[in-house]
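As you go down the protein sequences, you meet chains R and H in turn. Read in order, the letters of the first sequence correspond to residues 1 to 307 in the numbering used here. Read in order, the letters of the second sequence correspond to residues 1 to 307 in the numbering used here.
I should point out that these hints are in silico values taken from the structure, not numbers from a laboratory. Please read these numbers as outputs of a predicted model, since none were measured by experiment. Treat the hints with care, as some may be off.
The list treats identical chains as interchangeable, and a pair is accepted whether it falls inside one copy or across any two copies.
[To be verified] When the alpha-carbon atoms are kept at most 35 Å apart in a straight line, the in silico DSBU-like pairs for lysine-lysine are as follows:
1. K221 to K34
2. K6 to K221
3. K250 to K145
4. K12 to K241
5. K84 to K146
6. K6 to K301
7. K268 to K122
8. K268 to K145
9. K146 to K12
10. K278 to K146
11. K221 to K101
12. K12 to K221
13. K6 to K122
There are 2 protein chains.
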Amino acid sequence: MAISEKVELLIKEILDDRTHGASQLARQALETLKVAAEESRAEGVDQFWTEMEEISWRLMSIRPSMAPIYNAVKRLLAAISDDKYQDLDSLRQAAISEADKLIQSSVSAITQIAVHAADLIKSQDIILTHSYSSTVAMALRSAYKKHRIQVIVTRSGVGRTGQRMAWELNYDGIPVTFVDDTAMGLYISQASKVLVGADRICADGGLVNGVGTYLLALAAKEAGVPFYVLCETLKLDFRLKSSEVELEEKEPNEIAQPGILPEGVTVKNPYFDMTPLKLITGIINEHGMVQPPNLMTDLEKLIAQFG
Amino acid sequence: MAISEKVELLIKEILDDRTHGASQLARQALETLKVAAEESRAEGVDQFWTEMEEISWRLMSIRPSMAPIYNAVKRLLAAISDDKYQDLDSLRQAAISEADKLIQSSVSAITQIAVHAADLIKSQDIILTHSYSSTVAMALRSAYKKHRIQVIVTRSGVGRTGQRMAWELNYDGIPVTFVDDTAMGLYISQASKVLVGADRICADGGLVNGVGTYLLALAAKEAGVPFYVLCETLKLDFRLKSSEVELEEKEPNEIAQPGILPEGVTVKNPYFDMTPLKLITGIINEHGMVQPPNLMTDLEKLIAQFG
């Protein structure tokens, strides 16, 4: 089958992306399927389904650490697999409108999370964050409308996604301090709360997020600073436990351009790490916050209801 | 008084240095005083002393985090302050020969530490290290002569001193894996031991070392991986406790060149952090290893004997 150039481009953007969070990429995956539905030259329902399934499969496999892409695609396929779409036109229309609905519900989930997170933030709070998250950025923006806060932003790995966070927060007038990742252990003692996003929450509550998050969580625990994760239910992925998740790696030359290190040196460039549940103070999702000791059962209820 | 261009240059090198460890800079401080003694145009003992004290004061204040510079300069001044040097020539000669002796004893301390550390390393060990240390490099080289080992080297902050470590170890044929600092939490689980150098050990046993060392120590503790500090007695500095030490910061533009971040963002560039004694498995010095529970009293004995 022929996949249109536009669809190929959208898929490639998701594959190559270094700056966007997993929810944004999940929405782009839905957008990709929407465009594929619009542009499909399928001559019947079966051919249309084959196309959608092939693109879905590709979307689900290109960024394996990003559960939201898997969940979003799975939710879309479930929504249109109803037998009521017997003809091509109504199936195509259903795919387009369900993709739009899911994109909208992900956007409104983030808004709701921002509201819940902003409720938690108090005046004079100094928030430390690591690894760009559009959800965290929105939460900080909401909080800043009500309170005088400051934010400490880290470089956030070789992708330096912290720079984007610093630009966005600064644009809204929020006082930002920018530090290297190695300085997290020093600056945690100045912070009143840590807020990070999530790429995935695993079946045992393990948090997959931008590499370095685990070190920050250890430092926060040691300093007695609460560590909150902002995570829409789309990111709950109970298919795998922490130990079973394969964490994505990227090109070694992002870490060291050719010539910077001798040829014999092995360069590793992991993009994500795993933070165990015991280091997490609370997970803020679109329905509120779940916290220990009932965190896992509460997450399971959310999955049963919305997963 | 006139300080010669050569002496000014040596002082400036210490000030601007981003890659060498504190012992090497302490030896350069001694070398600086030796050159100053050689080139001095003082016309009498008093004038010579004034010159040496002024240069000593400058050397001790340019890199305040680096106790070895303070200790080395203090030891040299103590060695030549003896009343027996009544004439300029014998005082000048004493300054030169005592500087040489102290440089030699620092070099041999590192060799002895390397021997003690290499004894600790077993075949198949995977050693993780952070922040360049000539002592650690020598210990790994010694260990590699006896055992098949691998080393995981981190970028080590904005100065990227891990690159130098990777080059040196690779040159000696040691298998090296290079990772970003954010990946320390992931790679600690592959390591059998952590070996780091020191810039200073404080009065309460707190370790001042390249920023990020504290995060590595937290991760090592959590993973049950022993965390060893290689530290000559020249680096024991019981003048201050951890909380009283001012940790050096460098230029913000090392972190973000102009234009990379918006103007309103505050950029902080600390070069060192503080690792508390409770995260340290053992401190290997030229006389052997000191370990809890007697670590502090053993360190105090060393200071009384050699400080």
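Numbers of unmet hints, in rising order: 1, 2, 5, 6, 9, 11, 12 and 13
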